[in-house]
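Trainee: Spelled out, the chains give:
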Amino acid sequence: MNTISLKRAVNLMLTFSICLLTLFLTGCWDRVEINDLALVMATGLDKANDNNIELSVQLAIPKAMGGGQGMVGGHGGDKPTIVEKATGKTIFEAMSRLQEKVSRRIFWGHNEVIIIGEKLAREGIQRHIDFFTRHPSPRERSFVFVAKGKAIDTLKVIPDLERSSAEITRELANFKIGMSVTLKELVQMLIGNTRAAALPWIEVEREPENKMGLRVNGTAVFKKDKMVGRINDKVTRGVLWLRNEIKLSAVTFEPKGAEGQISFNLLRSHTELIPKIENGKWKITAKVVTEDDVVENETKLNLMNPKIVKEIEKQLEQEIDDRILMTVKLVQEEMEADIFGFADAFYRHYPDQWSKVKDQWDEKFPEVEVDIKSNAYIRRPGMSTSPQGIPENEVKGK
Amino acid sequence: MIEKGKISAQQMAIMMYPVIVGTGIISVPAVSAEYAKNDLWISPLWAALIGFVAVYIAFQLHKFYPGQTIMQYTEHIMGRTLGKILGFLYLVFYIQMNGGGIRIYAEFVTGVLLTKTPIIVVISTIVLVCAFAVRGGVEVVARVAQFFFPLYVLSMVVIIVLLFPDLNYKNIFPILADGLIPSMRGAIVPGGWFAEFILVSVLFPYLTNVEKGRKWGMISVFSVMMTFMVTNLLILFVFGETTSRYLYPLFTASRYISIADFLQKLDPVIMAMWVAGSFIKFSVVFYALVICTAQWLNLSNYRPIVFPLGFLTILFSIWGVPSKMVESEYNFIVFPVYSFFVQILIPLLLLSIAFFRRRRPALR
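From first to last, the protein sequence lines are chains U and Z.
The opening residue of the first sequence carries number 3 in the working numbering; numbering runs sequentially from there.
The opening residue of the second sequence carries number 821 in the working numbering; numbering runs sequentially from there.
Calculated from the structure, these hints are not laboratory results.
Among these hints, one or two may not hold up.
Claimed, not checked - 27 Å max Cα-Cα, derived DSS-like pairs, lysine-lysine:
(1) Z:Lys857 with U:Lys360
(2) U:Lys225 with Z:Lys990
(3) Z:Lys990 with U:Lys331
(4) U:Lys360 with U:Lys226
(5) Z:Lys990 with U:Lys289
(6) Z:Lys826 with Z:Lys1035
(7) U:Lys331 with U:Lys225
(8) U:Lys236 with U:Lys226
(9) U:Lys121 with U:Lys225
(10) U:Lys283 with Z:Lys990
As the list claims (entries may be wrong) - On the chain Z side, residues computed to face chain U include the following (Cβ under 7 Å):
(11) Val932
(12) Phe993
(13) Pro994
(14) Ala997
(15) Gly1060
(16) Glu1061
(17) Thr1062
(18) Arg1075
(19) Tyr1076
(20) Ser1078
No residue lacks a Cβ here, since even glycine has one placed at the ideal position from N, Cα and C.
Construct the complete structure from the given sequences, taking the supplied hints into account.
Mentor: The structure is reproduced here in structure tokens:
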């Protein structure tokens, strides 16, 4: 009797101690609970005095973020995000200064956007990019923007439609309506043959009054890692076309001999850069194949008529050619920065010749002759046949 | 024989696959990229030649001395004293190799995930788990490998499929712009890894179907080669010229995955699979080390020396390696040469001696 209970006691003790041991298996000796973290949604980098850097971060406030319902009414003043800033010699130093006034541990794992202030961009960005690829937390997927004025101002924007300005910028980048560059791609641009980089340009919108929003409005052009200029929205479209990154596009023009405009919605487009070196002349032929739908027809042309459509396709091609060529001219003459990736095209086809001009590419790039060969296909007329609201006898090409 | 277990040739192939890929996939592609630039996907082709040679040597030697491991026939070929000395060299090499491999794994885990965990914890936990597997014998190790292998391969397929939208196949051009030399230089480090295929010589005696040993060994080398080629291509397509700038390119690529804004940050999953793969690798090498040591010491049972050798392995992965930089320097500069010397040249020497002894038995 006695022995049995002793054995049982020993067994019990053993079982108990083994159960206790499992506590160590959880591995949470340096755990950080989610409510001890301050999640960085967006990062802003600005120039500060004395070669310092001003780091601003947009931190999510989980209370206000969660549950869309709670946002309405009730606690009206709740902001979903706050912006904090600090200065330091490097980003990490600034961050540790920042930590002095943020009660939770700053966590970079959810950082989606890096916004660089214009002034800093003009001084060079390479030094500041290293942190984001070296520190284990930030992701290479973060989108990078250049802000007009100070980056912190874009972070401070509290939008109406989305929860935070970080989200707006990310969504805008996903649309690919302007350039959309991730950190990984930026690093590739900086290291690449082109010696140029292009980042989307973002501006704070204050129209209409008392509303705030963000807008991707053109592209910041970099030579090496220094911003040299900005190209506007329209020119950016040409860049996207040449880089084979165009996803959304509305082309509108007035067909010859017709009154009114026709708008086309881009379905898909593919661009191929074909380099050629002939007698020392460097030439790029860009082959653009696009498919479009008609979405608006102000003219009296009947777009169900294949003959008319054929004619319009030609004009559409001309329109696209002109747009791209305008961009090429502007970038080649004013920026002299190869943001189209011509250097890569040459390097891939003519590695030997390339290595000879590698160091003088900046001088060579403006001389490259560019030829656009576009093929446009208008696939469908939309949901209407001949133009709406026009008497039958006035429709052309019936 | 001190090992009673038996495995099939197919199981052997499954065991050997993670031995190379387990740690090789973590950072070897970046080193290949440093030398081979955008030809890094060709490098595994050259490196795999070493693997094929290793399997061939091991199989031929085993044909001369059936049922014996490399430890036993080394003594037969070289004589007792010289054989013991050579055997000791092997033991030191394998402890060091396993220690170095574990260090790669531990540096990776602490570097990207458990940044504040002391590295000794990461190292000793994996060695402890491996020790349990090794004590179970060759069959246990083989079954563990069989269990994890499909998951391991699946995790890689998942990375590849999910990265598809971000691939830029043009990064591959120009192919062989500077001739074959860069890709060969890029093959030196993976070659050191492929040389580890000589470990099949420890497993051959336990095969149920030895005649298929060479075939499955070659299949294993081939699949490792394909794995490296595909992953090297993948990271080239993702990172282009910047590949060599990343310490763990494939891992960074897996962090880059983002499908529809919600299927992202998959790196913990990938990491879990890599831990499993590394675990198999260390178990197999550890097992070979234990068997060889037992045979070197003429022990009748290998189980008692598992934990002491595990302890030694831990020491070897910590001694003299203060940082990731030193670990890389050792694994990418010293190890490939060392590995080629011990795992290819010496067995080749053994094979040629064995060959001539067979040819001219009258002389003896």
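Trainee: Given Z:Gly1060 as an interface hint, is its Cβ closer than 7 Å to any Cβ of chain U?
Mentor: Interface hint status for Z:Gly1060: holds (5 Å vs cutoff 7 Å).
Trainee: CA of U:Lys331 to CA of U:Lys225, is that 27 Å or under?
Mentor: Holds, at roughly 17 Å.
Trainee: Going straight from one Cα to the other, do U:Lys360 and U:Lys226 come out at no more than 27 Å?
Mentor: With a Cα-Cα distance of about 14 Å, the restraint between U:Lys360 and U:Lys226 holds, given a limit of 27 Å.
Trainee: Just to be careful, I want the Cα atoms of U:Lys225 and Z:Lys990 compared with a cutoff of 27 Å; is the pair within it?
Mentor: Distance of about 23 Å is within 27 Å: holds.
Trainee: Does the CB of Z:Pro994 sit less than 7 Å away from some CB of chain U?
Mentor: holds (4 Å)
Trainee: Interface hint check: Z:Val932, Cβ to nearest Cβ on chain U, cutoff 7 Å. Holds or violated?
Mentor: OK, holds: Z:Val932 within 7 Å of chain U, min 5 Å.
Trainee: Under 7 Å is the threshold here; is the Cβ of Z:Ser1078 close enough to any Cβ of chain U for the hint to stand?
Mentor: holds (5 Å)
Trainee: Does the nearest C-beta of chain U fall within a distance shorter than 7 Å of the C-beta of Z:Arg1075?
Mentor: Hint on Z:Arg1075: holds, closest Cβ of chain U at ~6 Å, below 7 Å.
Trainee: Take a quick look at whether U:Lys121 and U:Lys225 sit within 27 Å of each other, Cα to Cα.
Mentor: Cα-Cα ~15 Å, so holds.
Trainee: Quick one, are Z:Lys857 and U:Lys360 close enough, alpha carbons at most 27 Å?
Mentor: Satisfied, since the Cα-Cα distance of roughly 17 Å is no more than 27 Å.
Trainee: Min Cβ distance, Z:Phe993 to chain U: is it shorter than 7 Å?
Mentor: holds (4 Å)
Trainee: Compare the distance between the alpha carbons of Z:Lys990 and U:Lys289 with 27 Å, and conclude whether the hinted pair is satisfied.
Mentor: holds (16 Å)
Hint violations for this structure: none, all hints satisfied.
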